[in-house]
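Trainee: Hey, can you work out the whole structure from these sequences and the hints?
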Amino acid sequence: MSAARPSAARRLLRAYPTLLRIGFAEAVAYRAEFLVWMLATTMPLVMLAIMTAMAREAPVGRYDARGFVAYYLVTLIVRQMTGAWVAWEMNREIKEGTLALRLLRPIHPLASYSADALAAMPMRALIALPIAIVVLAVTASKDLTHDPVNVVIFIVSLFGAWLLNFSVSALIGTLGLYLESSLQIWEVWFGCFMLLSGYLFPLSLFPAWLEKAARALPFAYLQAFPVETLTGVRDRHHAIHGLCMQLGWAGVGWLALLFLWYRGLKRFAAYGG
Amino acid sequence: MRYLRLFAVQLRASVQVTMQYRAEFLFGMLITCFYVFWNVVPMFVLWSQRSTIAGWSLEEAALVTAWFTFLRAILDGAVQPSLQAVVEHIRKGTLDFVLLKPADAQFLVSTARFEVFNFVDAAAAVALAVWALHRLHRVPSAAQIATALGLTVAASAILYALAILVISAAFYVVRLDNLIYLFNSVFDAARWPASVFRGVWRVLFTFIVPLALMTTYPALALLGRLALHTAVAALGGALAFVLVARAVWKRSIGHYRSASS
Numbered sequence: 000m001s002a003a004r005p006s007a008a009r010r011l012l013r014a015y016p017t018l019l020r021i022g023f024a025e026a027v028a029y030r031a032e033f034l035v036w037m038l039a040t041t042m043p044l045v046m047l048a049i050m051t052a053m054a055r056e057a058p059v060g061r062y063d064a065r066g067f068v069a070y071y072l073v074t075l076i077v078r079q080m081t082g083a084w085v086a087w088e089m090n091r092e093i094k095e096g097t098l099a100l101r102l103l104r105p106i107h108p109l110a111s112y113s114a115d116a117l118a119a120m121p122m123r124a125l126i127a128l129p130i131a132i133v134v135l136a137v138t139a140s141k142d143l144t145h146d147p148v149n150v151v152i153f154i155v156s157l158f159g160a161w162l163l164n165f166s167v168s169a170l171i172g173t174l175g176l177y178l179e180s181s182l183q184i185w186e187v188w189f190g191c192f193m194l195l196s197g198y199l200f201p202l203s204l205f206p207a208w209l210e211k212a213a214r215a216l217p218f219a220y221l222q223a224f225p226v227e228t229l230t231g232v233r234d235r236h237h238a239i240h241g242l243c244m245q246l247g248w249a250g251v252g253w254l255a256l257l258f259l260w261y262r263g264l265k266r267f268a269a270y271g272g
Numbered sequence: 000m001r002y003l004r005l006f007a008v009q010l011r012a013s014v015q016v017t018m019q020y021r022a023e024f025l026f027g028m029l030i031t032c033f034y035v036f037w038n039v040v041p042m043f044v045l046w047s048q049r050s051t052i053a054g055w056s057l058e059e060a061a062l063v064t065a066w067f068t069f070l071r072a073i074l075d076g077a078v079q080p081s082l083q084a085v086v087e088h089i090r091k092g093t094l095d096f097v098l099l100k101p102a103d104a105q106f107l108v109s110t111a112r113f114e115v116f117n118f119v120d121a122a123a124a125v126a127l128a129v130w131a132l133h134r135l136h137r138v139p140s141a142a143q144i145a146t147a148l149g150l151t152v153a154a155s156a157i158l159y160a161l162a163i164l165v166i167s168a169a170f171y172v173v174r175l176d177n178l179i180y181l182f183n184s185v186f187d188a189a190r191w192p193a194s195v196f197r198g199v200w201r202v203l204f205t206f207i208v209p210l211a212l213m214t215t216y217p218a219l220a221l222l223g224r225l226a227l228h229t230a231v232a233a234l235g236g237a238l239a240f241v242l243v244a245r246a247v248w249k250r251s252i253g254h255y256r257s258a259s260s
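Residue numbers (numbering that gives the first Met the number 0), protein chains in the order written: chain A, 0 to 272; chain B, 0 to 260.
Rather than coming from a laboratory, the hints here were simulated on the basis of the structure. Accuracy of the hints is not assured; some may be wrong.
Selected chain B positions facing chain A (in silico; Cβ < 10 angstroms) [unchecked claim]: (1) 2; (2) 16; (3) 20; (4) 23; (5) 26; (6) 29; (7) 33; (8) 34; (9) 47; (10) 52; (11) 190.
Ideal Cβ positions, reconstructed from N, Cα and C, are used throughout, including at glycine.
Mentor: Next up, the structure:
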């Protein structure tokens with residue numbers, strides 16, 4: 000055997016499946032808590048109630064009552080499958096100094112955070128799947144895309160949206176190295192996300208100038224883009240363009256994250272450690 | 000009387016703790032303003048599509064949103080922080096120190112922490128209500144205002160009772176402390192007039208989690224559309240909620256086994 004130490008990347012690749020297994024076991028162990036977290040995502044259902052109340056009188060823009068059912072249930076699926084809350088954990092670990100323990104391990108902390116988040120996906124999918132079946136049954140596929148390419152783009156875009164969500168969440172968590180508490184920044188981000196991502200209502204209900212602005216910002220690629228791809232609002236050409244934008248924003252997010260992480264780490268002096 | 004004095008002491012302590020971190024205090028105020036603004040935007044977007052939704056005009060719905068903002072301020076500022084502390088106490092076993100004190104434990108934990116800058120939300124809620132009434136050219140009678148205020152007190156009591164019920168669950172299953180977030184997200188539905196909801200949802204939001212009572216009824220009272228017997232029933236319901244919560248709390252605290260010993 001060669002004496003050369005395996006490179007950091009190789010080591011990471013070998014350890015990652017194990018990290019995923021541990022994360023999954025944790026999600027299963029705390030399944031009751033996990034379920035409550037997931038049930039707490041009720042916003043799309045509340046919005047669905049008020050939108051269908053409007054659509055009963057007359058269609059709103061391009062959406063009738065059934066169109067809204069498809070829109071909000073797909074929104075719910077996208078949210079469940081792509082949400083990231085690592086900012087909370089990072090903030091706590093920075094404040095309590097337990098980040099030092101993660102830094103001691105031979106695995107990059109960002110890798111272990113991301114493994115924790117990814118490992119919860121099978122459990123999330125378990126909840127999202129019944130919703131998906133309801134969508135198919137209720138809308139009888141009239142309000143969904145018929146283009147197989149769009150379906151593939153939708154699935155890829157779920158991963159892209161998670162990458163972007165995770166990078167922003169970890170970025171704000173990393174800001175905890177610079178600020179006393181970066182969670183308030185997280186709240187501002189989340190507020191903008193709710194309005195500008197299509198999470199509360201389809202972006203097409205905005206005045207045209209605001210819709211245009213929203214579509215240039217990263218928010219729209221977290222919700223509106225995957226949802227519109229699957230509900231057939233975007234044709235294949237627009238969907239591919241959207242995917243490029245999404246992955247572009249995710250790349251920007253990760254670059255900013257890594258930059259701030261390595262600079263911030265130098266400032267980290269474990270409190271009480 | 001003694002409890003009133005205790006209340007004043009606890010409140011003062013919270014104010015001092017908050018003011019201590021001045022930068023955070025200022026930033027907290029800014030965030031709160033931002034949230035107030037963000038809270039009303041969805042309403043304007045939706046009502047830009049229609050003049051009425053489910054029978055409510057923009058100004059009438061703004062009254063509901065005003066009450067929602069106000070109750071949210073009470074929930075975030077007075078109810079939630081101290082109850083979150085209870086969960087922490089239970090987990091660490093430090094609830095012992097509270098139980099040992101010569102005052103009612105429920106009172107002590109309920110008044111342990113206040114988030115002062117939620118006053119901003121409350122003020123914004125009042126401003127929004129005044130704006131809506133002004134736009135409607137409506138001056139509610141004294142009786143209508145009294146009914147609305149009475150219902151607000153009842154709504155706060157129900158919020159508090161529900162929170163106590165949620166916290167009581169933490170005595171049995173400690174890991175379920177995030178039930179409070181579930182409660183929070185359900186409460187978000189109260190921002191819209193109750194007539195938006197149909198079927199099962201309406202039953203749920205009227206009787207089980209009485210969101211209709213909290214935000215829609217006070218608005219209806221100001222608009223002079225609330226029947227007297229509905230208001231009386233609402234007050235009775237609120238009282239029942241508080242009594243049940245008190246009974247459940249008493250039972251749950253009997254279940255508490257200190258984690259430290």
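Trainee: Honestly, which of those hints from before does the structure not fit?
Mentor: Hints 1 and 2 not satisfied by this model.
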